Amino acid sequence: MMQDHDDTPKVEKIIPDGFTELIFNYGGLYRIKLNGTWQLQTANLLAGQINSYFYLENMGTTASFAIKMKPTAMTQLFGLNMEEFVDQVLDLNAVAHPRLAELHSILFPFKDEQDLTRRLDKHFLLLRQSAGANPLASELKHIFESNGSITIAELCRLEGKNERQLQRLFKRYIGLSPKYYARIIRFNYIFQLLKEKKMSWMELVFRSGYYDQSHFIRDFKRFTGEDPSSYCFEDSNMANFFLNK
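Going left to right, the sequence shown walks through residues 1 to 245 as the UniProt record's numbering numbers them.
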């Protein structure tokens with residue numbers, strides 16, 4: 001949950017973290033620059049997987065909360081083909097699904113954060129009872145336990161699947177290829193390491209599973225638009241807030 005009474009417009013960068021979200025703005029709306037142009041968002045949103053960074057700008061005071069979903073949850077709970085939602089932050093009402101359409105009326109109005117949490121827990125526990133199976137549970141476990149460093153060949157060997165099968169399942173349930181998804185998780189691990197202790201760039205490259213510094217810099221620029229040496233890891237902004245969670 002985020003609240004800020006300052007209505008001064010401020011542009012924030014958002015960096016991919018490998019999770020989809022359901023977002024509810026009950027304060028001012030936001031503008032988004034995701035595919036090259038600024039667009040005004042609606043209040044209730046579904047955010048699919050994002051390939052790279054994008055920008056948000058508040059249009060008033062901030063009052064919002066986001067439900068961060070497990071990687072395959074949108075397909076398991078709602079039957080969505082997540083490949084259709086890559087690089088999309090859409091009006092939730094435009095996604096034709098009755099269980100998504102009813103969310104706003106179930107969650108609003110809420111008294112406080114504790115009341116909201118209770119409502120969320122109760123509703124999603126009910127949804128979970130009819131959720132479909134997760135055909136990628138083991139593969140995702142390997143990816144997260146290796147902090148994104150496992151190869152696709154190793155995933156195939158461990159799970160007895162061929163690469164085409166993995167591609168098809170990842171595209172439907174997550175939206176991205178297994179290789180690209182693992183890249184995002186490996187990149188995010190950088191921020192976990194930096195919370196542990198200060199370390200040299202070479203140690204950070206090695207600990208985060210990159211083969212060399214050039215691959216590390218390539219991914220860093222891909223996901224943030226910045227060189228790692230100029231990125232402000234300590235700044236209080238949305239990107240660092242979500243990546244440090």
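Since the hints were derived computationally from the structure, they do not count as laboratory data.
If you're wondering where the values come from, they're calculated on a predicted model, not measured in any experiment.
Ideal Cβ placement from N, Cα and C applies to all residues, glycine included.
Be aware that one or more of the hints could be misleading.
Stated by the list, open to error - Below, a list of computed lysine-lysine pairs in the DSBU-like style, where the Cα atoms sit at most 35 angstroms apart:
id, residue 1, residue 2
1, Lys111, Lys221
2, Lys197, Lys111
3, Lys171, Lys111
4, Lys161, Lys10
As the list claims (entries may be wrong) - Listed next, with one range per pair, are the computed distances between beta-carbon atoms:
id, residue 1, residue 2, range
5, Leu193, Arg218, 15 to 21 angstroms
6, Lys122, Tyr211, 30 to 36 angstroms
7, Asn237, Ser177, 26 to 32 angstroms
Hints and how they fare:
The hinted pair formed by Lys111 and Lys221 fails the criterion: a straight-line CA distance of about 42 angstroms is larger than 35 angstroms. Annotation: proposed proximity of Lys197 to Lys111 is violated, straight-line Cα distance about 39 angstroms (limit 35 angstroms). The straight-line distance between the Cα atoms of Lys171 and Lys111 is roughly 39 angstroms, outside the 35 angstroms bound, and the hint therefore fails. As the CA atoms of Lys161 and Lys10 are separated by approximately 46 angstroms, the hinted pair breaks the 35 angstroms bound.
Taking the beta carbon of each, Leu193 and Arg218 are about 18 angstroms apart, inside 15 to 21 angstroms as hinted. For the hinted restraint 30 to 36 angstroms between Lys122 and Tyr211, the CB-CB distance of approximately 46 angstroms leaves it violated. About 29 angstroms separates the C-beta atoms of Asn237 and Ser177, a value consistent with the hinted range of 26 to 32 angstroms.
The structure fails hints 1, 2, 3, 4 and 6 (numbered hints given earlier, in ascending order).
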